[in-house]
Structure formats: structure tokens, C-alpha cells
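Residues per chain are reported as follows:
2 protein chains.
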Amino acid sequence: MRVLLLAVIFHALLVWPASAQPSQPLPLMPVPASVQLGTGQLPIGPTFSVAIAGYSDPQLRRAVGRFLEQLGRQTGIPPINLKVVDGPGATLLIHADHASKSVQELGEDESYSLEVSSVGAKLDAATSLGILRGLETFLQLVQTTPEGFTAPAVTIQDRPRFPWRGLMIDVGRHFIPLDVLKRNLDGMAAVKLNVFHWHLSENQGFRVESKKFPKLQEMGSDSFYYTQDEVRDLIAYAHDRGIRVVPEFDMPGHSTAWFVGYPELASAPGPYEIERKWGVFDPAMDPTEERTYKFLDQFIGEMALLFPDKYFHIGGDEVNGKQWDANPKIQAFMRTHELKNNQDLQAYFNERVQKIVSKHGKIMIGWDEILRPELPPDVVVQSWRGQASLAGAAKQGFRGILSSGYYLDLMWPASRHYGVDPMSDAAATLSLEEQQRILGGEACMWSEYVSPENIDSRIWPRLAAIAERLWSAPDVKDVNSMYQRMEATSHRLDWLGLTHNSGYEPMLRRITGSNGISALRTLADVVEPVKDYTREDTAPVEPTSLLPLNRLIDAAHPESATARQFTDMVDGLLSGKTGPGTKEQIKVLLLRWRDNQASLQPQVNQSFLLKEILPLSQNLTAVASAGLQALDYIDRGARAPDDWVTAQVSLLQQAQQQQAQLLLMIAPPVQKLVEASAKR
Amino acid sequence: MRVLLLAVIFHALLVWPASAQPSQPLPLMPVPASVQLGTGQLPIGPTFSVAIAGYSDPQLRRAVGRFLEQLGRQTGIPPINLKVVDGPGATLLIHADHASKSVQELGEDESYSLEVSSVGAKLDAATSLGILRGLETFLQLVQTTPEGFTAPAVTIQDRPRFPWRGLMIDVGRHFIPLDVLKRNLDGMAAVKLNVFHWHLSENQGFRVESKKFPKLQEMGSDSFYYTQDEVRDLIAYAHDRGIRVVPEFDMPGHSTAWFVGYPELASAPGPYEIERKWGVFDPAMDPTEERTYKFLDQFIGEMALLFPDKYFHIGGDEVNGKQWDANPKIQAFMRTHELKNNQDLQAYFNERVQKIVSKHGKIMIGWDEILRPELPPDVVVQSWRGQASLAGAAKQGFRGILSSGYYLDLMWPASRHYGVDPMSDAAATLSLEEQQRILGGEACMWSEYVSPENIDSRIWPRLAAIAERLWSAPDVKDVNSMYQRMEATSHRLDWLGLTHNSGYEPMLRRITGSNGISALRTLADVVEPVKDYTREDTAPVEPTSLLPLNRLIDAAHPESATARQFTDMVDGLLSGKTGPGTKEQIKVLLLRWRDNQASLQPQVNQSFLLKEILPLSQNLTAVASAGLQALDYIDRGARAPDDWVTAQVSLLQQAQQQQAQLLLMIAPPVQKLVEASAKR
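Protein chains in written order, with our numbering: chain A, 166 to 845; chain B, 166 to 845.
Check each hint, because a few of them may be wrong.
Pairs involving identical chains hold if they fit within one copy or between any two copies, as the list cannot separate such chains.
Taking lysine-lysine pairs in the DSS-like style, the calculated list, with each CA pair at most 27 Å apart, reads [what the hints assert, rightly or not]:
| hint | residue 1 | residue 2 |
| --- | --- | --- |
| 1 | 494 | 459 |
| 2 | 494 | 748 |
| 3 | 520 | 377 |
| 4 | 560 | 696 |
| 5 | 560 | 442 |
If you're looking for bench data, these hints aren't it; they were derived computationally from the structure.
Start from the sequences, fold in the hints, and give me the full structure.
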């Protein structure tokens, strides 16, 4: 059953009682459907205990065990104290009406209610899946206070807005080991995401063991693949956390790695090698040969048994058609079957594959390109093209999920992802029935520039903002509140072993080749990797899967919190809306940035990884100097001379160009200062 | 065969060629027996490969796999590039003459030679165990340089000074999960330690599954114990890393947890409960009952099969004898057997246990107290009492290892551990034959105040200094060089997943209850936990195993690097041996410390964990102010007034008292400044 929440949703002003911590929002992320603050707080101490009163099964008990472990990590309370007890004396009383499904289903009930008073807490849900969600909310409520660890008295009613809230990880281009996936599943559960979309095959690697076609992994993976036991282990791990696992095997394109072992599947004779470069390549499966479908029937049959989820992703994106164009036999087939173009040929392929997928008991899902009216109506479209594409599909009767706007590899700020609503733009004009076909969305972590070392920092904490967009009411969109809660969430995720914070300094130390990283860190804190696909266009050497990801661009956070806060300060200063300390704070920062290059310079000659950063570091000094002068004009109430302003603006424009594929994020706010100094 | 290196050992001046990085020692730790620098350097790039030319087995191939993984982590080179190849074209050519033992033995050959030139490297060893040690040395040579990652051309001949180089971890008082032990085994292997001494039973917990006596773990562990499968897994993990695993089951004292399930073993009727407090307790096994030995025979038989190492530790320390004194039956037994006192009774017990241990094919090891001339000469003594005790044992023909001076829980600085040599003091006067009975030493991590969260920071990086003491020549004792290399080692260990660095900030965030930790960190960076057993004496509430370890004392590093560096600067300034910038650096630090309390104060009222820190923070301000004034007198060449000096010295003495069980480590160097200002 679908649980789209289309009615008006009430949600309280999420702030602490004024007496306690004025203006600080409750650190709940995603924001629940309804929050009512009470009075008082529940102490969380060494006598904390949980009782399971209603339905119970091993999955639920494991969830409670993990909950207690995480509570122990957050508070430092030793695990021998945190107990599951019988009876109503427990601090937290859990009651589920019944089990969740043994294979988690789309639209299963995830709702829960949580009531915390100063003497205890009660968590109720229809299913154990709802209990999982509620336990995460409880953990978010636990705070350090003057009185000890406590949770505020509160009544929460909660349920998700969309039933499909996912993260896709591309393990084809860079292999991501199981333990890294697992800690990211922990993070997903913490922000109530419920689908892990596992992009398992690419031109650069085929990542699953097939027993029927072992050359797939033996020749197509560089020995980096998951065994079937490991796949089962990951699925069980995800299921325990209320997360479905949807496998994707991209076809007929993006499939070079298949052809290394099985060249007969391709539309041109081999031999093939694992692709090392990035991009869209020519090799594609041959849709005209029956042996292709025979192979896929057996392969999909094997995988359909391995992956229990009802949905099976066939990719279907980015076929350039060159192999088809060049193959006379394929051209003849197209004429015989009256297929006008390659799109028609791919549609023919998809129809055949859909029947195979369906025969093995699964519902097909694929990227925008698969969409054709002749497909059965249960097919789901994943849109990298946007709401219009999604709305079009919905109008044709197809269900869809949005990924356009949620590509984590594009290095956008969280606020930009946060602003993307699956139900906005073209989708807003749909009928109620059509709207219900929009199931939710998925963040995508394409992995050209992602390694096991830095993947966490590309996913987190920005994914929390997307998770909130997909769970919370559409009118939850205060960006400042989001950032405040996202930062708290980010550091809560540290307790789960995610490395988006802890991995930063080791990567900087590798770059300097020493423990002295304070100057590099000062610079790194205010830069961001270039956006969208600029990294391709500006690459100093052609990027491949063999190149180390150890440059500053690989260590730098996708979004600079320091630059964002600095920009807010400058905006506040120029609009006159901040206190008297702001100008001084801005000055302290600018002074530090101005003087940073002097500290970094001696290190630059010691490390090959620092060389490319020198111009960026010089820009930081120049930009900060301009900012300091502008601030001085503003301070003195003097109007900056025109020629000085012109020169500075030109310098600042220059400094906004990428250097070493990094953007200096304080240049735009400093430009505002310079422009303001010209107006006095 | 023993590999005590008693001959004179040559070792080069371990510095980079002056042209490259003047005065920076090669970051090798422990220092090898012989190092000869060549010219040039070997590039370590994406084409790096290894060939195994000599003896090969799965253990060696796994070691090479781990080596490549770690090289990948250090450099960022993707794992698909780092390959094992055939033939002599490899970057690193490995040659072992033969296998190491399937169960690692005391004194097995660990020697190796490593030759690095600008075109390749060669690692030779008699056994695969020597290869393991050499691979760690190679990893330490890889550095970031202007030309890329490189290893300097060098010829190394290496072998350990002592054959027994261990770390004991007490998992009884606080349970330490398997994954935490494993990452510490990785760290041990990185600094060439070779014995993990697993202290498995305590009054506070019995931590191994016994199938013969299941009530041991069922009733004595709070459900926190290792299954036999887990034990085997850990032993295999250690063996892969060239580490022996010696189990300890402490008896007849320290055994309350046994008695919860089996009260009939005790010398007084039960019932017993798991002990929650720390200290020496009355319960002890009844040495007069045959059923005790029957139980131990079966139990030791079971454990002797589970743990393959030749040595079996029976503890034997700290029996207070009260249960024996109070039991008339035991008193009667002593009279009948002419046992004059409790020491005699324990000796009787030990002799009986030794026969059981020996019957099951093992050699007994125990703490000082077990030593009695009537024991067979193969028994090994572990000394917590010191070199005199060890020398005494050696004179009686017993072999021994030193732990006195290596207790990590006493929170000593690394330099103090580093200064303790098993062969010094009384041991230095032994004959050559007697000296050979001194096998080495073991660092001890007693766990009253250690949790899975902070244990790494108690062990590392100080253990690296002890590891060097036990591996390197006795004349390797330059403390400055040690600290420089220990810091580099500390951050290299980050790549293994050890949390001594990465765990610090999350613990500080928990204390402030927010992400704002810069003020707390400034304070935390210059304090150290109280030393020796002062934590017991100064505890605000009676410490137990149920209390959270989440205070600043639990997060603070055992040794403050900042304070050490500050002390060095002050010493340099006062002796006139430093450059002109030092005074300015000292002043910058003192200013930051003086002003820190103003930043911390607003947070103090927000968190119960910050309350106790307020006086410490106020002391920091007062001490820094005194330092600034003293510096001003020195600067001006003026003599500080006597009454001012008297007042400041009194203040500084006060500030050197513990506050919140922490010591303000900048107080002593500031006192030097004040005293110097009085002398102008």
C-alpha cells in the first residue's frame, strides 16, 4: 500500500522552549510530520532501558540492540548498562502491532508515533519498520544539557511524504568495498532513506559474481567484485535497517565489461578490454541476436533469485548507437522489423528484456530513455532529465522517481538539492491520480571521482538534505534551519563510523607529506571542487580509473561551510542586520586568509601534490587583501576610488576562475564588499 | 632459536641527505639495526608492482596483498594498479628462503635485508616472517616528495634485539570487541611487535566461551565474551601479521567472575556477583580442594587446544589471602602440609597448576608472584616489579619479560617508557648467559579507564616508543628523534583505521554538546590525565565499570604534544639556543591560552560535562597571564619584583594540582619563565 501523504501536514515550530536553548531548532532531520513540544525532559542515564511490548521478532530485537549501541556511542554509557528489559518499568516502551514484510515492499507502512515525557517514552507503530524509523528519531532527540543527557518532552506523529527514498551508488567505475557500503547504509537508515540502488555494472567493471557466467566477474572486474554470499550479506544488512536493495545491470549500453568475457553479446566483434576512461562508449549489446536474450534470460534469472526485491533495474541509458550503425546485419534486421531508428531498436530490446524481467517475477525499472507507451504500465522510470520527463511519464500512466537535481557528483551545495522537489514544476500541474505515480526520488553517487576513501565526503552530509526533501512536508524548506540541523546530523554520523569528517585531515597530510597541515587546511576550508561536468573539461591530464584521487580537489568538501558562513556574515553586514561583532569577525578571517600563503609557501616545494595549489593560495591572499581594503573604506565611511574598485573587481573575477579545478568560494562575498565600498 | 642481538650494532646517522630535507630523520620506527643511505630515490607510482621470487604460501601472499592495500591508502594509488606480477621486472622483488612456522614460535628468525635503489627494491629474508617485518619498513620509507611518492635509496639490515615484544590488553575490566583488537594488531605489526597477550579473565568479567564450563561466560560476562570461533579468527588474524597470541587466565585471585557460575571453586561459599568496582578483592580459588584441580585440568585442556601458542599465562598476581585466612578447612590443610603462609599455599597451587599446564603441552608464564625455585626452569616470569625482580629470576635460571615501566594506563609520557630498558639496572650486572634469559618486554593496557572508544588513544602512539625500545639497539635513545618519528608513525597509523587521532574531536563534541569545540580543544590540547594511580585517589565518585568514560580526562591524550613543544620552546629561549622567532611564538600561544576562558565560559552552562572543567580553564588563563608578564619582564631586560614572583610561583604551584583529574601541562614551563624573570 502506498503511503503518499497528500493531505495538509501540520508541523510545529521546531524550536526548544525559549527558556532552554533559544532559537536553536530541535536537531531532527528529516523533520517529522508533526512535532508538539511538551514541558520537561527525560534523563538518559546509565539506568536507561528498553522494553518490547508488542510484536517482536529477531529483526526488531537486532534493531533495538543497534539502537542501544548507538545510544552508548552518543553518550558514552557502557553497553553493559543499556538493557532490554521486560515490562512497563522501561525508560522506552516499544510497541509494534505486527511484523514488516520479510522482503520489504514499496509503500510499506513506515509511520510511527513517539511520545517523550519527563518520566519515560513510548514508541508505537503499526509495523516493526515504523519502529526502526522512530528509534532513529529518538536518537536524534538525545542531547547534552546542563542536567545530563536528556531528550525533551515531545509528541511526534510521523510518516514519509514519498514511499521511494533512495541512494544510488555506482560501484562500476570505482569499486566500493562492502564495509564502505555498510556504513553508508547505516547513514541512510539514520536519515530514514529506504532504497539502496546498487549500480553494479559499467564499462569499467562488472561487480557481481555470476555462477552461470563466471567470465563476467573473472574477466570484467580486475578481481574487484562481490561474491553472491557478500551480496546476500549486504541485502540482509540493508533489510535489518529497513532498506530495500534494487540492483541495476545497465544494458544494452554501458556494458563493455560484460564483453571482455562474452564478446558474442556485443554488436561488433571483440576482443574487448575493461574501459579505463570515462564517458559514453560505442559498445552495446546486439539486440538482433536471439543468443543475447538467451543469455539475459539465464543471467536475469540468476540475479532475480539473488536479489529478492520486486524491482529490477536495467539501466537503459546513453546508447550512442555507433556499433549498431556500423553493423550491416543489425541494419538489415531493423529494415525487416520496420525499426526506423536506434531508439526504436532500443525499444525493441527493452520490450524483450521487460518480458524476461517479468517472467522472473520482477518489475522493470530504467532510466528515462526506456520510456515507450507500449511498455506495460507497471514499469518505473528513473528520471535524470527532470520533473517534465517525470510528469510526462505519469501522464502516460507510468510511475517514476526523480534523480535529476540529486546528482551528488555534481558538487552542488546542499541548498540547491534541497530546493528540488519531485512534485514541483511540470509535476505540479498533474492530476491527483497522476501525482500519486511520482514515487519519490534517489540521490545518485556516480563514481568517476570517488574512491572508498572519499566517497563518504561526497555523499555526506548533503544526502541528509535530500532525505529530508523526500520524507518531510513540502513546506519544510527553511534553508538556514536545514544547514543548522545538517551540521548536527553530520557529526552524529561520525558515531556510525562514516569518514566524511575524519578522513579530511589524513588526506591533507598526504598532500603536504607532513603533519603540518594548518595552512593547507585554511585554504582547503574555503575552496570547493568545480561544479557539474567541469572537472572533465579542465582536467590537466585525461582522467582514467587508474589515476590516484589524491589531489586537493579529491579531499576538499563539495560545499565549504566556512565560505557559506562568511558569505552570511558579509550579507548581514551589508544589509545592516547583524551585531557590532560581525565586522571584527570578518576582519579576523580576512587577515588569516591574507597571511596564509606565507605559511604555505615553504611547504609547496616539498610536495608534488602542493605545486598546483600555489596560484590558488596566491589568489586567497589577493582576495583577502582586497576584502580588507574594502572593509577599511566601509569602516571609514569613505568611498573607494573608481580605479581601485575596477582593478579589484577584475582581480576578483579572475579569482573566481577555477585553479587546480577548485573554486575559491570567498571571492564572491569579497566582491560584494568591494562593490559596497564603491557606493559610500 | 633465539635471536638476541648481543654483538655491537652499527647503525647509520638516520638523516636525509642534506640536500633533500636537512635534519629530518628517516621516519623509520623502530630504527633498524643497520641503515646505509644511498643516492637517489625510487619512484612509487601507479605502475608499482611486487614479485614473490622465493618461497611462497598463502600467508605470504596475503601479507603482500595487505602491503599493497596499505601502500594504496598511503598514496591514493587505486588498488587495481598495484599488482603482484611474475618475474624480475617488478618494482619490489621479494625473496624468502622458507616458510615460517605454522604456529609462530618464540625466537623465530625475523631478520631481513632491504635494498632500495633508484630503479627497484629487493627484500630478502630467511623466513616469510622476516618478509613481513621488511614490508613494514618499506611502507615507512614511502614519502611525499617534490618528485612524487618515492622511497630513498637505502640498504637496511635488520633484526630484533629481543625475541618477545608484546602488548597486553585487559579485556576483563572493560570488554574490547574483536574489531578493536584487530585494528590494534594491525598497529602492532606496523611497529614490529610480535606478541599479543590477551588478558581474558578478571573479577569484572570472564571473556571466552568455554564449552565444557558454559556458566563461565553465561554468568560471568554480562554477555560480552568471545566465541571460540571468534578466538580462532583473531589468532589467525594475528598469525597472518607475525604475532603470537598468549592467553591469560588469572588464578587463583582476580577470579570473581568465574565464581558467579561456579561458586564451588572459591574459598568461601557464594553466591558471587560480577564485580563492578576496581581493586584487589578477597575471592580466590580454593587450592586445597581436588575439585579445583579437576576443573582446571579440564578447563586448561580445553583452552590449550583453542590457543595454539606454546605459552600459557596463569596470572598469579595480587592474592590478598583473606578468604584463605577465614576458612578453617584451608587453615587445617596448611598445617597438615606444612605450608607456613599464604605465599606457600599459592606456591603449592602454582606447582599443581604448572603440572596441569605442562600436561597439556604448554609452558607456564605468570606474574612475579609465581616465582619459586621449585618450579621447573622453563617457566617464564612477567615482571610488574622491575629489572631487579627480573634479574633475580634470571639468576635462578628462569626466563623473564619486563612489564614494569611499560604500563600504558599510568599515563606516562612516551619518553619515560622509552627510557626503560629490560637490560638496565640490576639486569646489567648479569652474566651473558643470565642476560639471555631476559626475553624482552610487554606493554600493558589495563582497562579500568579504557573503553572501545578511547583505548586506541591510550595505546597509541606511545606504544611505538616501547616497540622501538624492544626492537632497536640499546644506544638508539635520542628522545627528540623518537618524538619526531613517533608523530609521523602516529599519523601513518591513521591509515590502518586506528582511532587515537580521529576519535578525539567526536569525544570533545560530546562534552560541549555542540559542534563548537575550538575553545575546549585549546584547553584539552594542553592537559593530561593524572598519573600513576592518582585517578583512583582523586575520583569524585567511586569509579565502577558501570560509569561512562565520557569526561575530558577520558578524551585527553595521555601526553600533550602541544605542552611538550611549548616546554621545548621555553627551554630553548631561556638557554639562548633558539632563533629570534621563538619568543614571538611563545607569546602567541600564551595570548591564545589567556583568552580561551572567555570563549569557553558561555558553553560551560550548556553541558554537565563541562562544569568540572571551569576551574581548569580559569587556571589556564591565570597561568598564561603570568607567563605573558614574565615574558614582558624578560623582554624588557627588567628584573621582576620579588613579591610578584612569589605570588606567581604560588599561583603556579596551585595550578599544578589536578583539577577534574587533569594536569595543566603548561604550568611547569611557565614557572620556568617566571623564575627566569626574577633573575635578570
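A quick look at each hint next to the structure:
{"no.": "1", "hint": "494 <-> 459", "verdict": "within (19 Å within a copy, 84 Å between copies)"}
{"no.": "2", "hint": "494 <-> 748", "verdict": "neither (73 Å within a copy, 83 Å between copies)"}
{"no.": "3", "hint": "520 <-> 377", "verdict": "within (20 Å within a copy, 58 Å between copies)"}
{"no.": "4", "hint": "560 <-> 696", "verdict": "neither (33 Å within a copy, 73 Å between copies)"}
{"no.": "5", "hint": "560 <-> 442", "verdict": "neither (38 Å within a copy, 69 Å between copies)"}
Consistency note: the structure conflicts with the earlier hints numbered 2, 4 and 5.
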